[in-house]
Structure formats: C-alpha cells, structure tokens
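**Q** Given the structure of chain A, go ahead and fit chain B onto it with the hints provided.
Protein chains in written order, with our numbering: chain A, 11 to 362; chain B, 13 to 217.
A couple of the hints might just be wrong.
Chain A residues, not near chain B, derived (Cβ > 10 Å throughout) [claimed, not checked]:
1. 126
2. 160
3. 276
4. 303
Which stretches of chain B does chain A cover? Using the computed rule of at least three CB atoms under 8 Å from a CB of chain A, they are [claimed, not checked]:
5. 52-65
6. 129-141
7. 145-151
None of these hints come from the bench; they were simulated from the model.
We put the CB at the ideal spot given by N, CA and C, even for glycine.
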Amino acid sequence: MRDVAVISFAQTPMRRRVEELNEVEMLMPAIHDALRQVDMTIDDIGFTCSGSTDYLAGTAFSFVSTLDGVGPWPPIQESHVEMDGAWALYEAWVKLQIGEIDTALVYGYAKSSPGDLPMVLTRQLDPITMGPLWPDSVSMAALQARSLLDAGKATEEQFAEVAARSRRDALDNPNAQLAWDRSVADVLAEDYLVAPLRRSDCAPITDGAAAIVLAAGDVARSKVTRPAWIRGIDHRVEPIHLGLRDLTVSESTRIAAEKAGVADGPVDVAELHAPFTSQELILAEALGLGAETTINPSGGALSANAMMTAGLIRIGEVANRISSGDANRGVAHATSGPCLQQNLVCVLEGES
Amino acid sequence: MADARQITLPASLRGVEPVRSVRTPAQLDYEFTAGDANTRFLRGITQKRIIGQKAPGGRVYVPPRGADPELGQPTPIEVEVAQVGTVTSFCVVNLQFYGSVMEIPYVSALILLDGADLSVMHLIQEIPADQVRIGMRVEAVWRDDEDLEPTMESIKWFRPTGEPDDVDVRIPGEDHGTGLGSWPGGVAPTEALIRNPRTGEGGER
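With the rest of the complex left out, here is chain A (with noise of 0.2 Å):
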C-alpha cells in the first residue's frame, strides 16, 4: 500500500444559517485555506474530489458550480460524490494508490439551511414504501435510541453524559456551532424532543465548507513536519430498510473498523460522526473503543454538523491532532444515510 497522509485540513465556521453567501462563496477559504497552509495551487493538485447533494439547497448540479472556486482551467481531473467528503477522500485515496498522481484535494460542504432538513433526508428512503410516509430523521434516530434502551445496551443518562461532554469540549473549538457547560441533570430534565431523544441529543442543523490536501510519501514529507498517514481506511454499507437491520449494533461500522486496522495498536483519539447521542454509544462498540481513547475532543457531530462535510472534518481533526503531535495513532469515522446505514473508518497515525 502506498503511503498516503492528510497534510492540511481547513473549515469554515460552522453557522446555522449562511445566507449571505451562496455555496462557492462559503466553500471558497475552506479551499483556499488548506492549500495555502501547504503553501500549494491547484496547479499543484493532480486530482480533486468533492462531496455535496444538490438537494440541500435545492440548486441542480451545485457542485459543478462549487468548482469555480477551484480553478479548474485548464480542465482538471475531478471527481464527486453524492455523499459526504469523506468517501471524496476515499476516492482521492484509491486515486493515489493507483500511483499516477502524488496529491489530491478532498472537500465536501453543504448549506442545509434553505430546506426542511429532516424532511430532505426523507429523500434518500426508499421511495415507494417509506419515502410518502415522510418519517423525519429525527423520528428514525429516535426509533433506533429506543431499540437501544429496550436493549439494556444504554441508558438515557448516557446519552445526556455524552449530550454534556460533547458541548463542553466544543468550548475549545473555534469552529463550533454549539458549545455550551451544562450537566447532565440538567440535559435530563429537558423536555423530549421525539422521545426518547432530546433536543441536547441531537446535532444541529449546519451550513458550513471543510477542505483536505492529501500526499503520497516523499510529497508529503517536504511539505509538514509530521503528516497524518492513512494506515487503513474501509467503508461498508447496510440494507435500505431498517427492519432488516438490528438497529443497535453497527455491523458495518465493526466490518470497516476490522479492515482498517484500528485494533492494530492504541487508539490515542477518536473523532466519531455521530449526529445523535445514542449512535455515539452504538459506533463506539462497533469499533472497540476503550477508556484510553479520548473521544470527539473537538464536540463532534454534537457540536457542528453539516451535511456531506462532518465525515470529513472527523478526519481532519484526527490528523491535526496528530500532525501537532498530541496524538499519535487515531480513528476517524464518517456516516451517511439513516441510523448509521454506512459507515466508513480511517486510522490514521504519526511517523516516529
């Protein structure tokens, strides 16, 4: 396998509400900023994968549109995925492998605020027989915290602790939409938004841009100090319909995290795409995450959680951490699609 690291990661602060701008004007310094702080052009770029869905703002082909904030002329090879930046970055990685480019620019972006968003992720149903009940994605997450309850496998007070240190440690993110120091009891004693889940259990609604230049070997050495290596990234899907699916484990997550390797050696940091409290505890399972791993330290999915990019900003806080070297071995986790459908895993490590 060739040797691939994530050499720089940009965002935008995450808002509720972008509504100054349209999408390439927000996605822009996402791109501009990670490119800069590697001190590169899209000259420099041998391949450039993006990730986004037209059906969040409601604008057809936006991300043809988002390209003109590349510069692609002359004509670049580009890519995109109708799915979160993180599997544009798992393209951008197969890309690499292949060996016939040495970088790659991966971003993803979505600005969810013109639409309904629970009710645009009722699109992506099945479209005869769940699709015209219009079951909200709140009201999905919430059957699948139910089924965990009933379980035994959590409690509600768990959710509220991971509700609680998920705002807390978003405190320390510059680029947090929600961030705040309350405890548990007092998450508790909100009022249940789709019971069993409270409003504090579920991820805000999110516009905001997130940009990765990506590097094989020697390319990646002469531009940082310490790259965020890739050593093992995999992604799995599970059936449409929930009923064939036991909702509270993750088995494509579990799958992905086996042959990625996360069992490999110490987890030191693990950024989870959990937009929901309950499918924290779910994914944590899934990928055999002890008490030594500190996880979403920067507040997660809880604390920021545009659509098409929150995958891919998981991945970018795990190598910030440790290309600063505050860490050294980490996992970062992406999810699309209702209840934890799919799930994609990346361990990424520092060179010694």
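**A** Same frame as chain A, now just chain B:
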C-alpha cells in the same frame, strides 16, 4: 434484465392485476438566497445598471457567480458593462414549453455585452425570428421603472440597435487559447494549446 414474464408469482398474486404505477407526490420548499455576488449584481439591475465582477487580473463576468473559474478566486471588483452587445449565438424556439408564456417562434440568444467576457442569455424581440443572426448588435429593453425588481426579467428582452453587424465577433472563451470553436490549423485542442491563466503557461495563440 430478467424477463418479468418468467417470474413465478406466489399463488396469492396470480391473476391479480400488477401495480403499474404509484403516485407518491413529493414537494420540498426552499428559501433560496442569492449570495454576495448575485446580490450585488441584482441590486444593479434594480437601478437599470448591468454590473459585472472580476477578480484582480481576471475577466469580467456577467452575470457573476461569485468565483472566477479560471483563477478560482472571488470577484470583488465591480465593472459596469454596456447595455448593448453582440449576438454570439442564438436558437429559434418552435416548441411551447411548459410554463412558457412566449409566443412561438421566439429567439433565445447568447449576447456578449460590450465590456464583458461572458455572454448573457436572453430573448431577442422586435425583429422577425428568421432575421436574427450572429454578429447582430442588440440593446437591452427594460421594464418600466416602477416594475424593476432584482431579477433578470427586469430586462424584458434585447432588440436590434440598427448598428452594422460585428462580423468579427468572437465566441467568449475562444481567446482562452482553447481553440474552442476553432481548431488551430485544423488540429484538435490539446493541453499544450490551453493557456493556464494562473501561470501563463501553454496556449499557442
């Protein structure tokens, strides 16, 4: 694909009329915002001014989208362009499209406004459709002042100015060194023929 006739149905479904269509209407409402570049452009339209935008060292884009696709940079510099321009291409529409109030046949055209580097698309009226031609000089016809709104529809259409045709009109982009619309020496454009606007490399002219 399997032939549906070969599928063995369970007894309960034999002889039952298949469901041939399902109606599942879906509607999503969006509150779309124009963004910075389009807001500035559309504010100009409400004052009967057509204001393009450019990045430092870049081309003048009308309408602006917020990013210069050659440089990959924002376009903060505003440049007012003329309300007259040249038809660079057109088509004659003979179909009644859903939602269209236009009387057929009508002409949609790409119009390169004087001072702009990008054509706008708009209607050509006040001339029979079969007399519209590339190179024809046209001018904007605005709505009445009290009806001006931040929309391209504030320009009702373009009409001939009566000036002599600009027979040398170039398709915007042709001078990017791409050979788009003209293969230099009959040779297809290759990477070497494409000028990189950031580095200045390539692009045999």
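**Q** Each hint needs a verdict: does it hold in this structure or not?
**A** Hints versus structure:
Consistency note on residue 126 of chain A: stated as away from chain B, yet its beta-carbon is not over 10 Å from all of that chain's, at 7 Å minimum. With a least CB separation of 31 Å from chain B, residue 160 of chain A remains clear of the 10 Å interface cut-off, as annotated. Distance check on residue 276 of chain A: its Cβ is at least 41 Å (rounded) from any Cβ of chain B, clearing the 10 Å threshold; non-interface status holds. The Cβ of residue 303 of chain A lies farther than 10 Å from every Cβ of chain B, with a closest approach of about 39 Å, so its non-interface assignment holds.
With 0 residues having a Cβ less than 8 Å from any Cβ of chain A, the stretch 52-65 of chain B misses the three-residue criterion, and the hint is violated. Given a C-beta distance limit of less than 8 Å, the hint that chain A covers the stretch 129-141 of chain B is violated, as 0 residues qualify and 3 are needed. Counting residues of the stretch 145-151 of chain B whose CB lies closer than 8 Å to any CB of chain A gives 0, which falls below the minimum of 3, so the coverage claim is violated.
In the structure shown, a violation is registered for the earlier hints numbered 1, 5, 6, 7, in ascending order.
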